[in-house]
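Novice: Protein chains in written order, with full-length UniProt numbering: chain A, 1 to 300; chain B, 1 to 337.
No wet-lab data here; the hints were simulated from the structure.
Here the structure is a predicted model, which means the values were calculated and not measured.
Glycine included, every Cβ here is placed at the ideal spot set by N, Cα and C.
There could be a bad hint or two in this list.
[Unchecked claim] Going by beta-carbon spacing under 8 Å, a handful of chain A positions derived as facing chain B:
hint, residue
1, P58
2, I114
3, E157
4, A158
5, Q175
6, G178
[What the hints assert, rightly or not] Listing some non-contacts, in silico: residues in chain B with all C-beta distances to chain A over 12 Å:
hint, residue
7, E65
8, A92
9, G93
10, K97
11, M118
12, R213
13, R222
14, M305
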Amino acid sequence: MSMIALFGALESGLIYALVALGVLMSFRILDFPDLTADGSFPLGGAVFAVCVVNGINPWLACAAGAAAGACAGMLTAWLHVSLKILQLLASILVMVALYSINLRIMGAPNVPLIGEPSVFSGLVAADYSNQFWVQPLVILGFVVAAKLLLDWFFSTEAGLSMRATGANARMARAQGVGTSRMIIIGMAISNALIALAGALFVQTQGGADISIGIGTIVVGLAAVIIGETLIPAKRIVLITLAVIVGAVLYRLFIALALGSDTLRGIGFGPQDLNLITAVLVVLALRLPYIKRYFHRKKTS
Amino acid sequence: MKLSFAYSALAALVLAACSPAEQKPAAEQGASAASAAAPAEVKTVAITAIVEHPALDAVRKGVIEELAAQGYKEGENLKIDFQSAQGNTATAGQIAKKFAGDNPDVIVAIATPSAQSMVAATKTIPVVFSAVTDPVAAKLVPSWEASKTNVTGLSDELPLQPQIDLMKKIIPNLKSVGYVYSPGEVNSTIVLDQLKTALDKDGITVAAAPAQRTTDVPTAARSLKGKADLIYTSLDNNVVSAYESLYKVAVENKLPLVASDTDSVKRGAVAALGINYHDMGVATGKVVARILKGEKAGDIAPQRMDKLDLYVSKKNAAEQGITLSDAVLKEAKEVQE
Numbered sequence: 001m002s003m004i005a006l007f008g009a010l011e012s013g014l015i016y017a018l019v020a021l022g023v024l025m026s027f028r029i030l031d032f033p034d035l036t037a038d039g040s041f042p043l044g045g046a047v048f049a050v051c052v053v054n055g056i057n058p059w060l061a062c063a064a065g066a067a068a069g070a071c072a073g074m075l076t077a078w079l080h081v082s083l084k085i086l087q088l089l090a091s092i093l094v095m096v097a098l099y100s101i102n103l104r105i106m107g108a109p110n111v112p113l114i115g116e117p118s119v120f121s122g123l124v125a126a127d128y129s130n131q132f133w134v135q136p137l138v139i140l141g142f143v144v145a146a147k148l149l150l151d152w153f154f155s156t157e158a159g160l161s162m163r164a165t166g167a168n169a170r171m172a173r174a175q176g177v178g179t180s181r182m183i184i185i186g187m188a189i190s191n192a193l194i195a196l197a198g199a200l201f202v203q204t205q206g207g208a209d210i211s212i213g214i215g216t217i218v219v220g221l222a223a224v225i226i227g228e229t230l231i232p233a234k235r236i237v238l239i240t241l242a243v244i245v246g247a248v249l250y251r252l253f254i255a256l257a258l259g260s261d262t263l264r265g266i267g268f269g270p271q272d273l274n275l276i277t278a279v280l281v282v283l284a285l286r287l288p289y290i291k292r293y294f295h296r297k298k299t300s
Numbered sequence: 001m002k003l004s005f006a007y008s009a010l011a012a013l014v015l016a017a018c019s020p021a022e023q024k025p026a027a028e029q030g031a032s033a034a035s036a037a038a039p040a041e042v043k044t045v046a047i048t049a050i051v052e053h054p055a056l057d058a059v060r061k062g063v064i065e066e067l068a069a070q071g072y073k074e075g076e077n078l079k080i081d082f083q084s085a086q087g088n089t090a091t092a093g094q095i096a097k098k099f100a101g102d103n104p105d106v107i108v109a110i111a112t113p114s115a116q117s118m119v120a121a122t123k124t125i126p127v128v129f130s131a132v133t134d135p136v137a138a139k140l141v142p143s144w145e146a147s148k149t150n151v152t153g154l155s156d157e158l159p160l161q162p163q164i165d166l167m168k169k170i171i172p173n174l175k176s177v178g179y180v181y182s183p184g185e186v187n188s189t190i191v192l193d194q195l196k197t198a199l200d201k202d203g204i205t206v207a208a209a210p211a212q213r214t215t216d217v218p219t220a221a222r223s224l225k226g227k228a229d230l231i232y233t234s235l236d237n238n239v240v241s242a243y244e245s246l247y248k249v250a251v252e253n254k255l256p257l258v259a260s261d262t263d264s265v266k267r268g269a270v271a272a273l274g275i276n277y278h279d280m281g282v283a284t285g286k287v288v289a290r291i292l293k294g295e296k297a298g299d300i301a302p303q304r305m306d307k308l309d310l311y312v313s314k315k316n317a318a319e320q321g322i323t324l325s326d327a328v329l330k331e332a333k334e335v336q337e
């Protein structure tokens, strides 16, 4: 793997770390199975692209993308809380609706952004020579900021109420927590993070495409679970760190699967990429147990 | 630390994959890209496609065959690195980064999303796109002139007038054209706009039937009954994948199918006037060879395919309630009985 490919994996890993933090918020903290991500990720990208093409500052455009994601998350939560639609179905409905909405926002299935200003403009050299490390570094800034804000939020009273809502809604209500409000706020934060990731993603891809959302939730979930398995923790500071590590590792596995000449040598082809990635992830998840197995063998 | 083994194993895995021989500082990479006439005997061509499907695979095979014909043989003096993004744009981005880091002599990027992420990832390595309908709208190149950047390539934009002429020949009193397409595919929506503008001049209407997923294709086609004289399909990935289901609807409702993908005639279309994707691969290979021989990508203008082949099927025509005229049959490159 070359340095550029390694930094490329870090870059997309860090982008998906924001998705993973969002998924952590909905699935783990609020216990809300949320598939809105597949729609809110491209929503963030679409809003960003349209803003930038119309001359709006890219930082503002990122904020607009995140705000749009927050609205999508609130809509899912509202469908569940107020209309009593099952969580999973509410999120599927919003995800499906967002496909059409995203097409409306973009006006076409693809909005190219090559040559348009981005949050990296001004930092990347004219010949792109430093792009490969500047972009991941800027995105790292976003991820660190998001992590610290989340860590802080969960130490506030509102944050603790939100954790209580996910852990035991009835108990939380008995303690005077407005659980409906907590779900709406939590889902807004979750999808704002995911949409922000979408806005950053389109800036590294050269364009916003309607298809970028496919599989977002799968990658987000994989990142959360890889992180939790490798860094089992109860403290929120460590949990948020774990999902970030999980997201970066997931993307590194894909880079490994892409770059391995050894795999090529034993007959694996480009069509096996997804399979190889899945096997690598399984191996990573079982490493602690495999290690324990060999350890036991040695001592017995 | 009971988990330390796990971490060190992971770290080793990642480090082992970063072989030091391939780690070049960015400055050095820029320099080696500038001096393209390096004496290296083995040339490397990296090819990526957003997804693997028959038309895109035909492009890739055409490129490799043409390079072989020009004396660049895989395994001898040419190394081909092919990567498929398996339909995932994030993976397309990572492939782009991998290629930018590997620093091959030429990169071939097949289909719009792959080409966009490749052009976003490198400004120095020559990129030859292929099977992109509108490279100017996709901002791969500023215009149809030689770009003066590192990008050139082949477009699969079909001249629409010959398609319209064909439709008129098949249904002489054509009043309305049904168009089944995915609203999520940029190539298909471009064709819809062009179709509307071109047919409007002749007083022919377009009945658009959007199908978001492959499974929506038959429903969309059925909605055209009574609204259209025939169904026209462009190179829409969803529609082409579901062509057999379209054929069933066409036979049931006597709505003749006219395609722009020549392979679709085998799968149920009455006629197709289209680009042969293998030929497009060959044309792409010619551009790649010119760059390998020392020309700059920026000095080669992006090209369209000008040769179209007509394929027809008498059997499908009869099933879909029409007879093909002798004039059409005479024009055809291939007639299926």
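Novice: Compare the structure with each hint and give your call.
Specialist: A quick look at each hint next to the structure:
1. P58: The hint is violated - A:P58 has no Cβ within 8 Å of chain B, the shortest such distance being about 15 Å.
2. I114: Interface hint status for A:I114: holds (4 Å vs cutoff 8 Å).
3. E157: Result: violated, 34 Å to nearest chain B Cβ.
4. A158: violated (33 Å)
5. Q175: Violated, about 36 Å.
6. G178: violated (37 Å)
7. E65: Holds, since 18 Å exceeds 12 Å.
8. A92: violated (8 Å)
9. G93: B:G93 not clear of chain A: closest Cβ-Cβ about 5 Å, inside 12 Å.
10. K97: Label violated. Min Cβ-Cβ 2 Å, cutoff 12 Å.
11. M118: B:M118 not clear of chain A: closest Cβ-Cβ about 8 Å, inside 12 Å.
12. R213: Per Cβ check, B:R213 is inside 12 Å of chain A; nearest 10 Å; violated.
13. R222: Per Cβ check, B:R222 is outside 12 Å of chain A; nearest 21 Å; holds.
14. M305: holds (21 Å)
Violated hints, in rising order: 1, 3, 4, 5, 6, 8, 9, 10, 11 and 12; the structure is consistent with all others.
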